[in-house]
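When you get a sec, could you build the whole thing from the sequences and use the hints?
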Amino acid sequence: MIGYYISLALRSLRSTPILSGLMIAAIAVGVGASMTVLTLNYTISQNALEHKDDVLFAVQLDSWDINEAADATNEIPWQLTYRDAQALLRSDIPTRQVAMHRFGFTVELENSSIRPYTASTRVTTRDFFSLFDVPFIYGGTWENEADFSPTQDVVLSKSTNDKLFSGENSVGKNITLNGEPYTVVGVIDHWEPAPKVYDLNNSPFASSENLFIPFGQHRKLEIYSWGNTNGWTTGGGEGYEGFLQSESVWVQYWVELSNNEQKAQYENFLTAYINGEKAQGRFERPLKFALSKPSEWLVLNEVLSDDNRVLGWVSLAFLLVCVINAVALLLAKFLRKAPEAGVRRALGASRSAIFIQHLIESAAIGIIGGVVGILIAMMGIGGIRYLAMGQIDTLATMDWVMMVASIGLALIASLLAGFYPAWRISRTNPSIYLKTQ
Amino acid sequence: MLELKPMLSALWRNKISALLIALQLALTLAIISNIVVIVQDRIEKIERPTGIAVEEIIAINFMAIPQDYDMIGAVSADLELLRELPHVKDATVTNQVPISGSGSAGTFYTQPNQEIGGTNSNRYNTEPHFIDTLGLNLVAGRNFTDAEMQFFDPNELKEMPVAVITRQFAEKLYPNQDPIGKPLYDGNSSHPIEIIGVVERHLGAWVSWPNAGNVAFFPAVRNTQDKNYLVRTEPGMRDKVLKTLVEKLSERDPQRVIKTRVLSEYVARSYVRDNLMVKVLTIVAAMLSFIVALGIVGLTIFWINQRAKQIGVRRALGATRANISRYFLLENSLIAGTGITIGSAAALIANHYMVRDYSQPSLTLVPLAICALLVLLVSFTAALTPAIRAANISPATATRSV
Chain A
1 MIGYYISLAL RSLRSTPILS GLMIAAIAVG VGASMTVLTL NYTISQNALE HKDDVLFAVQ
61 LDSWDINEAA DATNEIPWQL TYRDAQALLR SDIPTRQVAM HRFGFTVELE NSSIRPYTAS
121 TRVTTRDFFS LFDVPFIYGG TWENEADFSP TQDVVLSKST NDKLFSGENS VGKNITLNGE
181 PYTVVGVIDH WEPAPKVYDL NNSPFASSEN LFIPFGQHRK LEIYSWGNTN GWTTGGGEGY
241 EGFLQSESVW VQYWVELSNN EQKAQYENFL TAYINGEKAQ GRFERPLKFA LSKPSEWLVL
301 NEVLSDDNRV LGWVSLAFLL VCVINAVALL LAKFLRKAPE AGVRRALGAS RSAIFIQHLI
361 ESAAIGIIGG VVGILIAMMG IGGIRYLAMG QIDTLATMDW VMMVASIGLA LIASLLAGFY
421 PAWRISRTNP SIYLKTQ
Chain B
1 MLELKPMLSA LWRNKISALL IALQLALTLA IISNIVVIVQ DRIEKIERPT GIAVEEIIAI
61 NFMAIPQDYD MIGAVSADLE LLRELPHVKD ATVTNQVPIS GSGSAGTFYT QPNQEIGGTN
121 SNRYNTEPHF IDTLGLNLVA GRNFTDAEMQ FFDPNELKEM PVAVITRQFA EKLYPNQDPI
181 GKPLYDGNSS HPIEIIGVVE RHLGAWVSWP NAGNVAFFPA VRNTQDKNYL VRTEPGMRDK
241 VLKTLVEKLS ERDPQRVIKT RVLSEYVARS YVRDNLMVKV LTIVAAMLSF IVALGIVGLT
301 IFWINQRAKQ IGVRRALGAT RANISRYFLL ENSLIAGTGI TIGSAAALIA NHYMVRDYSQ
361 PSLTLVPLAI CALLVLLVSF TAALTPAIRA ANISPATATR SV
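If you read the protein sequences in the order shown, they are chains A and B. Each residue of the first sequence is one higher than the last, beginning at 1 in the UniProt record's numbering. Each residue of the second sequence is one higher than the last, beginning at 1 in the UniProt record's numbering.
Honestly, the hints are just simulated from the structure, not real lab data. Among the clues, some could well be false.
A short, non-exhaustive set of chain B residues, derived as facing chain A with CB atoms under 10 Å [to be verified]:
(1) I16
(2) T28
(3) L317
(4) R321
(5) S359
Predicted model only: the values in this text are computed from it and were never measured. We treat Cβ as the ideally placed atom computed from N, Cα and C, and that holds for glycine.
Okay, here's the thing in structure tokens:
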């Protein structure tokens, strides 16, 4: 029976090409527009660290000005001061922990035709790679001492290793950063979490870094962060040491806590640490800190912006208009064919058979509309990528989940649209139509 | 008006279809009126005057390779070289590129050693040529002199002797007073910085910052590893000058990595999100009107076909063509009127949530009324052709098929 209904549906669509075309266009445009925006919002809402969501935590401590809360959604500074980061690193409670910030180097390679260039760099402690599950191709991370005393080791990204060493194993080789020799200890595989959940202060859609260097070189190189540095008070002392001891926040901090017990222990440790600092006149605000999971961190940092949400609602409302439009058109189309349904009823077709037949016709419109809608959505995403000037290229692509979702959305929309018209036509009294024939 | 009663009873027989059209129009009005206020707000933001000759400026960023680079010596040699280049009007050095989304800010006070009640402002470390290079308009006081320049190491805390500020910032610090000669305190410092000049306007580094337009300029160059130059060219000569810059600077000193980008590209990148909202929402609004219009055309044609016999009878009984067209247009207006009434309420409710949850601008009655008229016009235009076609149904139709 279903096969017969499908052939009836297709014949019926062909018999009224303009009306059918209008309906398919309505569903396709509605689905295309909403899938464009939903795909964008869906990819922006991805959590690259989902598999470690229960054990990773971004650390925030409220070391801010007593007179005014920090400018962050939870009113705790996004980053830590250098001295607090150093103090937390001394704790052995977390399974792994990372203190880090963004930086940049000029890169040169001796005896090479490559012109000097600037490379984005992450200054970090050695656990970065294991904590965020970054895969290595060659070598591994640096030794523990490198995070506390200046050691000129470097880990390269895959693209940097391809550029400098044509993808060969470069462990043990030297490159020149800001005029100083560094030894390659490892090369990571392609790794591009999008959004860049481990560093959301500096454009959440930026690429991950080209170089990674140990955390123990601040005093030697007098490193200032290339990310945000926020302060609320001047002073802290003379020179670079004064900057390191100041209340400026510029270090990002993550910990891995494997279970609740460990987490409770770490919370006690943080409480004790803040109280200790309070005794020395720091941390003048009420005691406050936060441990946020990656999923919570993405929400706190408002990666999915208000604008994204507005676009989401507008596109859903647009789809709703398209569905209502399709209801009206389907009603018109089915009622025009009422005599046909009357004859079928008189020949013994049940009400539910008529209902299902017309619902299948709506579904056919939905599937065709969905396929066209995918094409429209792809064009829409291409358009948005163009308008975004390359800022979201790591993000906006349509994966198979979204393709299936598009067809699903079109099918649901068309079935919803077809429900009332199909019911209405199945209720018509056959005798009226038989009389007029 | 005599037609109103039969019209209402006819509509009642088709109440679902009529309701569906009214509902579409209502939703359309609710969506479009909210889109209009958002788009209007963004366009106003994008078109804010920057106070800068954006189209004539190139930004150069360079990073020195050796750790012990003589940045201050390099800056004065580079600026001299840049200003000598053909078609270059002027050049300056700065710690940040205007409207680039990256820069420095601080809190300033009018009294020494304050802790609360300060004003946030974007801060530039630059030099006397900045004002001319950017095309800023000095409306009071004077520019810096070379003698006032401060050169200092990255770790040094240097007190600034003087500052030039924007008029907007001056109004916030000293409302309705002449700011020239008045002091400015950086953070909770006790050192007064004398305000020596006021420029008409400068938007600053961040376009979406709530304090955008509060800017203070200081005569200073910090000895860091990287610097930005801004180069002002003669009108229309920007792209020609751009091609030669990297080569000329590298020739003078190859020990660095140099990047150039025109200022207009920084501006476009800063407004990417706003521009995206404007374009996407405009396209959605256009498609929405089109889809709804198609729906109205389709349904009106269907109704007319269904009532071809009645129309024939009415024509046979003496109704003119104009009567028939008017009937359908009036019917359409009744439906549209209902839709617009529901839609206006829905628009205001939706806008309430847009303002509350998503910090969008609020919808006032004038744009709502304009959108309502627009929706009415779309609906009327869509019904016009089918209504005229209805009038062409001949009276014979009625007699033939009975």
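Cross-check of the supplied hints:
1. I16: Because about 7 Å separates B:I16 from the closest Cβ in chain A, which is inside the 10 Å limit, the hint holds.
2. T28: holds (6 Å)
3. L317: violated (22 Å)
4. R321: violated (24 Å)
5. S359: holds (6 Å)
Hint compliance for this structure: hints 3, 4 are not met, and every other hint is.
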